[in-house]
Structure formats: C-alpha cells, structure tokens
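Could you slot chain B onto chain A? The hints should help.
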Amino acid sequence: MPTLVSVFDFPSNTASAVRKLKDRGFDDLKTYSPAPFTELELAEDPKPSKVRRFTLIGGLSGVTLGFLMQIWMSLEWPIKIAGKNFASIPPFWIVGFELTILLGGFFTFFGLLIVGGLYPKRLDKHYDLRFSAEEFGVVVTCDERDVAEVEALLRAESAKEVTLADS
Amino acid sequence: MAPPATAVADSLASPERPRDSRANIDIMAPTHGVQWPYFLALGAAVLGVLQALAVLLYQTYVGLGVAGYQQPVFWGVYIVTFVFWIGIGHAGTLISAILFLFRAKWRNAVNRGAEALTVFAVITAALFPILHLGRIWKLYFLIPYPNQRSLWVNFKSPLLWDVFAISTYASISIMFFYVGLIPDIAIARDRATGVKKAIYTVLALGWQGTGPQWKAHSRSVLHLSGLATPLVLSVHSIVSWDFAMSIVPGWHATIFAPYFVAGAVFGGFAMVINILIPVRRIFRLERYLTDYHFENMSRFILLTSTICGYAYAAEYFIAWYSGVEYEQTSFWLRAFGPYWVSTWCMITFNVIFPQLLWIKKLRTNLPFLFVLCLFINLGMWFERYVIIITSLSREYISGSWGLYVISPVELSVLAGSFCWFSMWFLLFLKVFPVIAITEVKELEIHARDHGGAH
Chain A
1 MPTLVSVFDF
11 PSNTASAVRK
21 LKDRGFDDLK
31 TYSPAPFTEL
41 ELAEDPKPSK
51 VRRFTLIGGL
61 SGVTLGFLMQ
71 IWMSLEWPIK
81 IAGKNFASIP
91 PFWIVGFELT
101 ILLGGFFTFF
111 GLLIVGGLYP
121 KRLDKHYDLR
131 FSAEEFGVVV
141 TCDERDVAEV
151 EALLRAESAK
161 EVTLADS
Chain B
1 MAPPATAVAD
11 SLASPERPRD
21 SRANIDIMAP
31 THGVQWPYFL
41 ALGAAVLGVL
51 QALAVLLYQT
61 YVGLGVAGYQ
71 QPVFWGVYIV
81 TFVFWIGIGH
91 AGTLISAILF
101 LFRAKWRNAV
111 NRGAEALTVF
121 AVITAALFPI
131 LHLGRIWKLY
141 FLIPYPNQRS
151 LWVNFKSPLL
161 WDVFAISTYA
171 SISIMFFYVG
181 LIPDIAIARD
191 RATGVKKAIY
201 TVLALGWQGT
211 GPQWKAHSRS
221 VLHLSGLATP
231 LVLSVHSIVS
241 WDFAMSIVPG
251 WHATIFAPYF
261 VAGAVFGGFA
271 MVINILIPVR
281 RIFRLERYLT
291 DYHFENMSRF
301 ILLTSTICGY
311 AYAAEYFIAW
321 YSGVEYEQTS
331 FWLRAFGPYW
341 VSTWCMITFN
351 VIFPQLLWIK
361 KLRTNLPFLF
371 VLCLFINLGM
381 WFERYVIIIT
391 SLSREYISGS
401 WGLYVISPVE
411 LSVLAGSFCW
421 FSMWFLLFLK
431 VFPVIAITEV
441 KELEIHARDH
451 GGAH
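In order, the protein sequence lines correspond to chains A and B.
Take the first sequence: its position 53, counting from 1, is numbered 53 in my numbering, and each next residue is one higher.
Take the second sequence: its position 388, counting from 1, is numbered 388 in my numbering, and each next residue is one higher.
FYI, nobody ran anything at the bench for these hints, they're computed from the structure.
Check each hint, because a few of them may be wrong.
Quick look at which bits of chain A chain B covers, simulated, 3 or more residues with Cβ under 8 Å [as the list claims (entries may be wrong)]:
no., segment
1, 10-18
2, 64-74
Calculated pairs, PhoX-like style, for lysine-lysine (alpha carbon to alpha carbon, straight line, at most 25 Å) [as the list claims (entries may be wrong)]:
no., chain 1, residue 1, chain 2, residue 2
3, A, K125, A, K30
4, A, K121, B, K196
5, A, K121, B, K361
6, A, K50, A, K30
7, A, K125, B, K197
What you are looking at is a predicted structure, and each value in this text was computed from that prediction instead of being measured.
Don't be surprised by glycine CBs; every beta carbon is placed ideally from N, CA and C.
The following block holds chain A by itself, in its conformation from the complex:
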C-alpha cells in the first residue's frame, strides 16, 4: 500500500488535514508532533484516554490495601495504645491516603507505558528528526488510486512537503 509522508509547520494545519482525511475515510494515518497540542489530539482521537482507568484502579487498590494491611497487622499483634481500639480507623486514614496516591501514581505510570506503547523499540520507518525539532508529520497509508486525492488534500492544508514513501 502506498504511504504518503507529509510535513507541516503548524499544529492548526496539521489538525485540519487530519480532520479532513478522516472525514474522507482515510483512517490509516499517524501523526508526529514535537509538543502536545489539544487541537491535534481532538482531530485524531477525541475519545477520553484509557489512562484514567489505570489511575482509578490504582487509587482504589491503594486505599483498600492500605486499610486492610493496617487492620490485619494491628489485630495480628494487638497492643493497646492510648486506650484506642486495636484497629482504630481515624489514624489509619493517613497511611490509607498515602497508599491511594502511591498506587494511583504507579498505575498511572504503567497506564502511560501500556496505552502509549512505550518501551524501548525500533523507531518507525517514517519517523524523522524534524518531528522532534519543530515540524509536524502526518503519515497516511491509502490505496494506489487515492494517492492523488490524499496528496492534494495535504497540500491544500499547507503541507510543506509530501513524499510518497512506499508503493
């Protein structure tokens, strides 16, 4: 399948090109950006990120684990302190809270790695040094017969360069 690699100067043009490509049904595309831009993110995938699920599960696991750990350990080795119950809930909120944050943070981090596909790997064939400078890339894979249309669409959105990479 032919792949067109286009380079843009601005996020607004890149986002507009992505929107139009998707409207025309060219969904097999990938963007590269030197910084995060909301407009580009919304054009490419407006759905909420799945990272939030990791954060929620991590936080809930943390608070549950925190309380269970403290209650079990306090009952396993019962010592009366300041006349309080062995398993005294109010002071347990401190460690419960800290573990909520700790596990919420760890799960968020692992969520980033999983959802973002982050692990040491070979870089994409079409990734360019310029995409970590100040330029934007849109890589579109389409049928042979659509190459001209895609190229025209990209150029209409001020792509400064369009290259046919594979065919």
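Below, chain B without anything else, positioned relative to chain A:
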C-alpha cells in the same frame, strides 16, 4: 499546481531554515562539552560528600553521642535538616502539579529545574532519619513486613506516617520527573551518538511524539498532578504532626500543618531561585528563564512569607491567650532565652526581609533576589532549629532543662548534605535538559500559529 507526490524529492527543510529548533540547540547546550568550572564544582561537591561519609562512619562506629545529642535534646540538627530538605522539595511539586492544574503557563520554563530539585531534596532529606537512628542497620524496623517475631509497626505513630509520606512523595516525585522527561530524552536521543545515544534510547522508551503517545502522556501528567497536589499538602502536614501530635510546649499546635506547608513552599521557591539564577547566567538561558519568571516566583515568596509571618504571630498569640504557663514560657524563651539569635534570624530573614519584594524593581533584580533567597534559606533552617531545639531543651520541669550545642560531626554532615544535593543537581545538568524543551516549544509554536504570546 502542486507537483505529484511521486515527483517530490526527499529534500528536507528549506536551506534558509535551521535543521534543528533553536529551543533544542539552546537548552541541550549545557549537556554538551566539557567546562572546567563545572568539573571543579562537581569535584568540590564529591569531596564534601566523602568527608561527610567519613564522619558518618566514625559516628556509626562510636555512637550518636558524638552528634551533640545530650539530655534533654535527642532530636538535633539531623531532624532540623531533615525537615529543611523536605520543605525544599515542596516547590517542585507546587510548580509542576499545582500550577499545572491552574494552567499557569509560565511554569513551563521553570518546572524541570524545580522537579529535579524536588527529587534531589527528597533523596537528601530521606537520609537524615536514617542517620538519626544511630544504628542504621536497624532501618528495616520501619518497614511493615512479615517476620518471625510477628512484630508489626505502630500505625498510630506519626513517625510511621512519615515513613509512608516520604516514600510516597519520593516515588511520585521521581515518576513525575521521569514522565515529564521522556519527550525531552527522545530529543536528546535523536541528536546523540555512541553510548549516550544507547542510554537515551533505552530511557526514551521508543518515544516518537505520535498522537496516542502524546495523548497518554498528557493524561498521565494531568492525573499525576491531581494525585501530587493533595500529596504535597499532606507530606509536610504529616512532617508537622511528628511534632504537633506530642505534648511538648511549642509543638502541640493545630496551626502546624498549614504553617509547615506554607513554610515549605516559601523555602522551596527560595531554593529554586538560588539555583536557577546561576544556571540561567552560566548556560545563557536568558531567552527562556526571563525576569517575568523570577518576578512570579518572587510573588509566591512574598505571599508565603506573609503566611509564615502570620503563623509566627499566631503561635505567640495562642501561647499568650491559652493561659498555659508552659506554653507561654516556651515562647518567651524562644525570643529571649539562650537561642534568641536563631529566633530573631528566623523572623528577620523570613518575614521582614521578604517584605522588600513589594517593590517591583527588586522583584526583577536578580542579584538582590539571589542574596535575599540565600537569607531565606538560612532563615528557614533556623525556623526548624527554633521549633525543635528550643522546645526540647526547655520542657516542663526546669530541673531537666539543658543546653544543646551543635557538634562538629553534625556540622560536617550538614555541609555534606548540601554537597550531596549539589552533586546530584550538577550531574543532572550534564545529562538532561534543565528546561522542559517540549513545554517551551508548545508555547512558542502555539504563539507562532495563532499569533500573540503567553
């Protein structure tokens, strides 16, 4: 009419445009090359760490008696310095997380340096409770783990809360720091060669700035900010409860948590300024770290200094208003007892001097700010010294009063802690960009695209 795609050559950027971005070149510059003043500073820091290590070996062998601990003061400079460094670590999270949630865009230029400062300050702080144990090999007693004695830690003790608070804070700070660094490490990877490239390649985790990567990254930063914001408020509150949960006069106060948090942010910002002013000057980063950034940080210092001033005044007022003789005596002795110098240094450096920041010209006068912040850091160390030492040395029964004198061992370890912190920060400067490049670019490109500036 545009040429067909097949006809477009593989040419890259037009010749009049530089191949790399200016932000990449400028901000990565400190990581390249060898400058002898840098290695001189690093060497001095390493020597400082080594002398402290030698002294600590001596202390571990001989015992804590050489640390100036004597009846009735058994929390000395180590605990003072522990609270000091934990406080320093608060500015980083405030700038990274809280200002991020408030969408304060000016933070983009200063957050990386502040985050690094947080990580290294917390690493430094975490050493002190261990040194304070004396028998450092008993450290594992603090950790709840199944053992043959069926012995568990006391979850009702603020000291144990501290263990959880500090370790959570250290973990989240390191995570926050690393997550923010990933896109910048990828920039470094794309421009490095040899071993450096191999290391950056592993650390960059295959980052390419694709849509899904940026989306997951932005949400992770948002969620980590949401988690770090209550965390940063909790950590110094919990540290303050190490004192406030006891019934020592001068410690048993409900104002301690907000008072400590405000003090931490105050001292932290002062340290950020103390570090970023020389960094900006030495590495010529004036384009990115502007007077505007320093003015904003000065405003924070002015605000938190005023909160500290209020807390100091409230402590004295409550001591008087409570009618409790011990409390009143404790505060009288703070101001006019044997430690009066530290109390008046604290008030002068933390409350009176920062009031000069009402003057706009001084808020942007960097030499003045640098000197002021040195005084603030000194004042904040004295604040913890006043709280801990004066209260412990003059408790209820006058017959058990005593005088605490700092020992050379403690001074050596205190100096070593600054060297330890400096050593990590200097190493960081050589390996990673001190300013978040992608965040700076985000503002620059946005301004270019939509006009105007932030």
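Which hint numbers does the structure go against, in order from smallest to largest?
5
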